[in-house]
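Chemist: Spelled out, the chains give:
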Amino acid sequence: MDDVLESRTRELAEELWRREPGAWHHPFVALGRRSLGSLDQRPALRSALFRFIDVAPACRGPRERGAHLRAFLREVEDDRVPALLRPLRARSAPTPLLALYGLGTGPATALIARQFIAGRSVSAATRNLRLMWRQGQSFALDLLGEATVTEAEAEAYFERCAETLRTLSEVTSGWTAQPLLDGDQHGALPRANLSIKLTALTPMLRPLAPELGAGDAARRLRPLLRLARDAHAHVHLDMEDYDSRETLLMALEEVLSGREFEDGPSVGVVVQAYLRDAEESLERVIGSAALADRSPPPTIRLVKGAYWDHERVVATQRGWEPPVWGEKRQSDACFERLSRRLIEVRGAVRPAIATHNLRSLAHAAAFLEQRGGDRGEIEFQVLRGLGDEIAAGLGRLGYRVRVYTPIGDLVAGMAYLVRRLLENSSSQGFLLRQRHHSLEELLEAPG
Amino acid sequence: MSFRNHPLLELRRAEVRDRLTEALGALDRELPLRPEVVLAGKGAAGDDRASSDPCEPDREVARLRWADAEEAERALELALESEWPRRPLGSRAGVLERAAALLVERRDRLAALIVREVGKPWEDADAEVCEAIDFLRLYAEAAGAAAGELAHAPGERNVLRLRPRGPTAVISPWNFPLSIPCGMVAAALVMGNPVLFKPAEQSPACGWELVRVLLDAGADPAALAFLPGAAELGRWLVAEPRVATIAFTGSAAVGLEIQRRAHAAEGQRQIKRIVAELGGKNCVLVDSDVDLDEAVPAIVRSAYGYAGQKCSAAARALVHEAIADRLVDRLSGAVELLRVGPAGDFATEVPALIDTDAMSRYRGYADLCEDAELARAPAPEGGQFVTPLLVDGDRLAEDSPVLREEIFGPLLTVERVRDLDHAAARVAALPQALTAGIFCRQPDRIERLVELLPAGVVYVDRAITGAMVARQPFGGNRLSGTGARAGGRDYVRHFADEQVVSTNVVRHGVVL
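Order-wise, the sequence lines are chains A and B.
Heads up, the first sequence is in the numbering used here, so the first residue is 25 and it goes up one at a time.
Heads up, the second sequence is in the numbering used here, so the first residue is 120 and it goes up one at a time.
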């Protein structure tokens with residue numbers, strides 16, 4: 025790594041760091057974060073509480089919620105349980121007590137969820153979206169939902185996507201102009217931006233027969249792309265676990281290989297840096313005939329990846345080498361390599377750097393400068409509820425920030441929520457390290 | 120406790136699938152295979168019998184003849200004279216290790232053969248080869264440690280030794296044509312017992328490949344006879360007084376018949392030991408708090424994988440009434456999407472049934488469900504394909520055979536219950552107790568249900584098929600088996616007699 029780039033990376037990171045702390049103000053958020061952080065020292069309690077949060081929305085009423093909470097807490101050693109929750113552990117905890125705790129935990133779960141989920145529906149989230157826009161942040165909407173295992177569920181998800189694409193353009197058309205958010209070196213940027221889960225668009229996902237799911241998903245993807253083109257909206261295909269990656273890329277290639285969509289809509293894909301074959305994957309996407317020479321060019325969102333534990337478990341149980349790197353620093357190093365590659369090809373694609381890692385994003389910013397790029401030539405993406413301070417800091421430095429914003433109800437959103445909470449409280453997770461480590465440690469070069 | 124399961128093939132990678140498709144093509148060019156009756160390592164071919172591809176019945180997989188009575192008699196004499204019981208344990212275990220290595224080398228071809236001869240889809244076929252490898256390695260490892268320690272008093276030395284029991288008849292089923300006989304034969308051999316192995320009529324080629332692997336690995340030819348044949352041969356083996364142990368996996372009806380016949384012969388010099396793994400009527404309990412996103416695919420896999428032709432397959436789902444409508448709705452949708460087709464197609468989830476008898480039995484049960492059908496998946500015309508069904512158990516008579524008998528086909532019934540205690544009571548009323556599933560997210564309730572369920576293996580929040588060697592030792596209680604745990608460390612003990620040697624080590628009042 026060259027020294028100039030390294031020292032500029034540190035300068036930019038320090039600048040962001042200095043601008044950031046002011047945003048850690050909201051007392052509830054701060055409290056929530058502190059308690060999540062402290063769970064790192066108490067893994068049994070963390071597991072109990074997360075399993076409870078996970079099941080809470082599926083319980084029928086307060087009494088049942090209380091009974092679940094008690095059962096989980098009884099598996100934790102007494103002195104590890106917060107005093108507030110201890111009475112519940114008693115063997116003879118009476119029904120009214122269960123109900124009392126159940127009553128309290130319902131709203132508590134909802135409150136936690138609200139931090140990460142913008143609303144039940146697009147219309148419920150509109151106010152939030154407009155507020156973000158005024159603060160100089162654009163959005164990428166994600167429709168939370170149950171897994172798709174039936175034809176009817178795929179249809180329902182399709183309808184939600186279609187409806188969202190229609191509403192979003194209407195809603196956003198009246199917003200005031202924001203030059204940084206409204207365009208880049210390639211031209212206009214759609215305000216309406218929807219992330220689609222391919223696995224929700226088809227119940228036919230079969231890792232052993234990717235063509236099956238790809239064909240079925242393509243059938244529903246085409247009308248959505250038509251809608252998006254007419255409504256000037258961006259459609260982004262979210263990447264999920266490794267089992268679904270081939271299906272997704274096949275579907276995308278199938279749909280875009282014809283001429284129908286060569287002039288739009290704007291589309292995007294994701295590359296996950298935690299995969300050992302991330303570089304190949306990026307080259308496949310960049311070199312793909314389906315994505316090349318599109319106007320507007322495709323957005324490529326670079327992420328670390330959110331299914332690390334899942335991939336390790338799936339692979340280890342079957343005796344496979346996990347497809348993900350074994351160590352966080354390897355993912356970090358890969359992320360830096362890929363972000364440099366993406367920035368180099370920014371004449372042909374729109375790079376989106378999606379991370380909360382201070383060093384990773386400073387590195388991308390520094391490399392862009394070194395290549396003589398303007399700040400508006402890439403965008404940064406963060407998750408709602410997790411990257412708010414980073415978003416604010418980046419915004420002040422003149423970078424375009426897009427906030428990944430899930431909407432949907434609690435039961436459906438639970439899988440997403442639990443993953444975010446785990447991220448927020450694990451020692452591997454960046455946010456916690458960010459609080460417990462010095463800036464110097466945070467900025468150490470990976471690899 | 121260092122045992123590690125052999126890695127499955129990573130079939131989600133296209134290059135691995137291509138490799139298997141090639142192996143299948145190569146196998147097809149060899150068909151029909153010519154399994155031989157094997158005595159003293161020497162084979163005898165013939166051509167009056169055949170096995171065929173269930174998914175394409177015109178394709179002959181093997182052509183052979185059955186062993187005759189004379190050969191069976193000769194095999195038993197050879198077994199009784201064999202030197203195998205006197206081979207040191209380490210040497211016998213070494214044979215198992217080498218056989219495991221040969222299976223690893225031949226895994227693609229063997230998986231292809233399982234696909235063809237019993238119509239098992241790739242993922243399960245590959246898992247079966249791995250299970251066979253695991254059995255060999257686990258039993259080789261467990262045999263040395265099986266005896267265990269005894270307590271001592273001053274002045275005495277107590278040793279527990281394990282002795283070979285004598286000729287072992289292995290009678291195996293077609294649904295795991297490689298791994299189940301492999302486990303039974305390997306356990307018998309490693310404990311020093313000669314084996315007379317009768318494979319299922321439907322899967323002689325898989326059995327023959329297993330025998331070749333073991334002989335290539337150095338098993339004593341006199342101690343391993345391969346006797347393809349029908350029920351008559353099985354009955355002879357069971358009743359024969361010189362047979363010491365009977366290892367059987369199959370239906371409860373046959374298992375109970377074996378129990379009756381085994382001890383009836385005149386001239387028996389020992390009480391035969393029967394290691395029997397029988398069927399089940401396996402139930403899945405679904406509570407009101409479950410995550411259907413996880414439960415639905417797991418239940419579908421448990422009930423319809425390999426067309427329900429696994430003894431661990433789910434047959435009944437008993438569902439809390441508060442969530443039953445949602446579950447039935449989603450299950451129905453998922454069942455409608457099941458892919459019924461040839462086993463060699465990587466997209467296939469439900470292959471053809473094993474033979475025409477199995478088809479007519481299945482159709483008999485399906486007819487009983489005519490007015491209770493909730494969903495079905497389309498099946499190809501012709502061949503031995505049948506229509507997978509989801510059935511409303513509440514609309515069947517309480518004593519309907521559909522709710523009580525093992526169907527061994529792609530049919531799942533759903534019943535509503537007021538709560539899971541009621542469900543557990545219904546399950547406990549069944550005579551079989553092989554596997555059971557609980558979907559529930561409240562730890563104390565799960566604990567209570569586990570206590571109420573008599574099943575040999577209880578799965579919580581996961582599919583109820585796919586037991587792994589050493590991780591989920593497999594076997595049933597009640598009428599589902601004699602209690603031996605295939606894939607458990609203690610399994611090999613069933614194939615040995617115990618001998619306690621207590622030596623006085625006091626001489627002249629001194630411990631010497």
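Hint data in this document are derived by calculation from the structure and do not stem from the laboratory.
Since we're looking at a predicted model, the values are computed, not measured.
Idealized CB from N, CA, C, for every residue including glycine.
Accuracy of the hints is not assured; some may be wrong.
Stretch-level coverage of chain A by chain B, calculated; a stretch enters the list once three of its residues show a Cβ under 8 Å from a Cβ in chain B [to be verified]: (1) 75-85; (2) 169-176; (3) 219-233; (4) 260-273; (5) 314-322.
Chemist: Against each hint, give a clear statement of whether it holds in the structure.
Modeler: Hint-by-hint comparison with the structure:
Taking a C-beta to C-beta cut-off of 8 Å, the stretch 75-85 of chain A contributes 6 residues in contact with chain B, enough for the three needed, and the coverage statement holds. Under a criterion of three residues with beta carbons nearer than 8 Å to beta carbons of chain B, the stated coverage of the stretch 169-176 of chain A is upheld, 6 such residues being counted. Counting residues of the stretch 219-233 of chain A whose beta carbon lies closer than 8 Å to any beta carbon of chain B gives 6, which reaches the threshold of three, so the coverage claim holds. Restraint check on the stretch 260-273 of chain A versus chain B: 3 residues with Cβ-Cβ distances below 8 Å, three needed, restraint holds.
By the rule of at least three residues with a Cβ nearer than 8 Å to a Cβ of chain B, the coverage given for the stretch 314-322 of chain A is violated, with 0 such residues.
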